[in-house]
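Each protein sequence line maps, in turn, to chains B and W. Position one of the first sequence corresponds to residue 0 (numbering that gives the first Met the number 0), numbered consecutively onward. Position one of the second sequence corresponds to residue 0 (numbering that gives the first Met the number 0), numbered consecutively onward.
No lab work stands behind these hints: they were computed from the structure. There's no promise every hint is true.
[To be verified] Looking from chain W toward chain B, a few residues come up when the C-beta cut is under 7 angstroms (computed): (1) Q39; (2) L40; (3) S67; (4) S73.
From the three backbone atoms N, C-alpha and C, an ideal C-beta is built for every residue, glycine too.
Letter by letter, the chains look like this.
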Amino acid sequence: MSKVIKAIKFEIMSPQDVKKLAVMKVTTSEVYDADAYPVKDGVTDPRLGVVDPGIRCRTCGGRFGECPGHFGYIELAKPVLNVLYLKQIKILLSLTCPECGKLLVDKSKVKTDAERLKAEVPKQCPHCGAKIEKVKFEKPYHFYRGEKQLNPEEIRAHLEKISDEDAHALGLKGGRPEWLVLTLLLVPPITARPSITLETGERSEDDLTHKLVDIVRINQRLAENLEIGAPQFIIEDLWELLQYHVATYFNNELSGVPPARHRSGRPLKTLSQRLKTKEGRFRHNLTGKRVNFSARGVISPDPLISINDIGVPLEVAMTLTIPIKVTSHNIGFLKQLVRDGSDKYPGANYIIRPDGTRKRILPDNKEDLAEELAEGYVVERHLLDGDIVLFNRQPSLHRMSIMAHRVRVMPGKTFRLHLAACPPYNADFDGDEMNLHVPQTAEARAEAEELMLVEKNIRSPRFGGPIIGATQDFISGAYILTKKGSKFSREEAAQILAAAGVYVDLDKDEYEGKELFSMLLPDDLNMEFKAACCQKCSECKKENCEYDAYVVVRNGRLVCGAIDSKAISPFKGLLLDKIDMEYGHEAAREFLDRVTKMCIRALMIRGFTISISDIDLPATIKKEIKKIINKTYKKIDEIIERYHKGEIEPYPGRTVEETREDLIMAELFNAVNEVQEIIKANFKETDAMVMAKTGARGSLQNLTYMAGLVGQEMIRGGRAFRGFKGRTLAHFKREDLGPKAHGFVESSFIKGLDPIEFFFEVMKGREGIMDSSLKTRVSGYLERRLVNALHDLRVDHDWTVRDAAGSIVQFIPGEDGIDPAKSSWGKLTGGA
Amino acid sequence: MVVDIKKEIILNHELVPKHEILSEEETQELLEKLGISKKQLPRIYASDPVAKILGAKPGDVIKITRKSPTAGESIYYRVVVKG
């Protein structure tokens, strides 16, 4: 008995619809009787559905799980407004005549809700001539005509007079206007509001049930009072209370209405709250679902596996499974897996018979099941080395946030990830967790392997360069290995090459690092580029560079130049880019796998460490720095003097004060730059310096902070001015414009900051934290909106970009047809 | 006269690409090639400054030739709509 949904129509429900849909009328606010049985005609009447196993539905006879539940209804003693339609009611009341129900304004002038709410209403009805008084809406749900308050009965009477046509013109999409005033209230089935039995045996009802009980109770009292002809004010009070309960039943976050609360003081979660927001039904349950065949765990580094690999803990590998169909080719293998069962690795957890029945493999039945296995059966076996899985880290900001890896089952409890594969995930190992998904069909596995494998994502579509590559110690190691004069004994060379998986006969007693590195390069590779350690001399000496910063590769031999971040790092690596472009993803992956292992081996042979003495400067240099600072202070004093005399010419478009600040800051930055130059010229090649100049970690700026001086703390794009009147801190005189009073730090981190400098440093630090937290929120929301707008665009077979409706968005993708993930920094390269 | 100056400024602005109205035959050819109806083309308002200068009527198709640093020239089509 399958039915096909042709269309879905959203309308307001009529009282007739409510009666038709409902199976009973709720008349009593009692929920359970003395024997803890649901009371007949109460809001938990058994006719509304079953929530307990073992009981049959009184309406349809279905068991728990079969019966979808049935609606009931409450007949309201007096009508109340549907608070979800207050805006619509206001429009209908104010733009139609209360006497004849006809439109008071021109249809063409009220096309949008904004126009309708602002529309001018004539003093007299143009149709019947009745006097029109302005309709006023008052929060939360009261309407006034002139001075007189309208009760829901009067509103309903007015709405009844409006013709279907006029209502439609005022934006009512389906149904009658008077249905916006409720006379019958639909009671949802108990399956939509199940009660929970606590361990103590106590029953805890759903928030909606609580609310419905409130409504029924007040409704009963109102009906009784109407019956006995109670005074008007009592009726009105009860009516108002009923309106409140029905209002909060629909939406418990109405402005101007105190939210209905649970006994504990927690606001009730009513209908609107169930659907709205990230935790609501739509975004939580419908757009986002939980999945099977997945695992989550802490990641840790392993530079000894391939970048394509993912180290999976044994425990995970024995829980996650892949269904394999039994054929004549694999029956022996699968039988063995079944025989080994679920407790031994590699084994299997389930078999699925051709009739679809699943059987868990247990120690007791594994022999029988292995015997039973025949062609057509399916075995859910453990993960094995080489299986394709998807690996993901949130936030998934780009497509490289989910990539396919090859499984390597390992002891331990963490997922092992190669360090070169971290940049696309933006992962580190300070406790990051990642998710793993196991594709269950051959198609899914093939697709993942072809499109999502790590090596196929080396090039980022964002900028057309490598996003996977060697970082940090790999870069330091590469430099140590390949810098000028770096030599290794035969034993060392053997170790380095073996680490990289290169096995050749070594006949020399000594090897140059460049020679060793060259063994990883393709034989016909030719290229030239400037390394990151380039000093940017005014005239480039190319091959004769005294810093060995000009890289030349000729026929796969590293002729000169040291390998550093410019060659093999993500975002910058030109050598990596070239290999990926001209020798393919697999070659690039292999190159990276070998280079990273070779680099850390070289680094370990030489040793790599930093200490305070690395960034210590001789006394003479310190004196020189002090001199620069004093010279700058003097210059700034002059600027301030000129400012006080009014001699400063403002820059175009800036005030005198702004110009003064610009001049002062230029001097301060000049000083810091001078110091930086001195430090650059005077530092020996210590390991800290090696990291800075090769781009492995840190920068010259960081070294200047530590050894030289911290310099001006920028707060809100300028010097610090906030605080007391005319000064930043009580330690200064008012209107002191000097550097120290506005956040100039002349100390270095080694020397230590004085309390005032430290205060400004903290000021800048806090601004940084505020900025970054704000930025992630704003850009996260921007991303969400962009994704929602663009997610169904696709490239069609005729190379047009179309939306879901088949309308054209672009005639060729990106207007140039270039796939940035196959381009070199957005451009096509010569040969391609 | 005022309109003419405005027209000059708009058409010669470096950010305004070349616009031209397609003839009836060219339009048919384009739609046939793409296998779509006019409704599925990207739109441009008749009140768009360039469309106004060209005197485009709703239903006309405008061909836009843009300069692109990667593709040299890229061609785009828009159907004129009321507004």
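Going through the hints against the structure:
Taking 7 angstroms as the C-beta contact cut-off toward chain B, the hint placing Q39 (chain W) at the interface holds, the least distance being around 4 angstroms. Annotation: interface hint on L40 (chain W) holds; nearest CB of chain B at approximately 6 angstroms, less than 7 angstroms. A hinted interface residue such as S67 (chain W) counts as satisfied when its beta carbon comes closer than 7 angstroms to some beta carbon of chain B; here the least separation is about 6 angstroms, so the hint holds. Of the supplied interface hints, the one on S73 (chain W) holds, with its beta-carbon coming within about 4 angstroms of a beta-carbon of chain B, less than 7 angstroms.
Of the numbered hints listed earlier, not one is contradicted by the structure.
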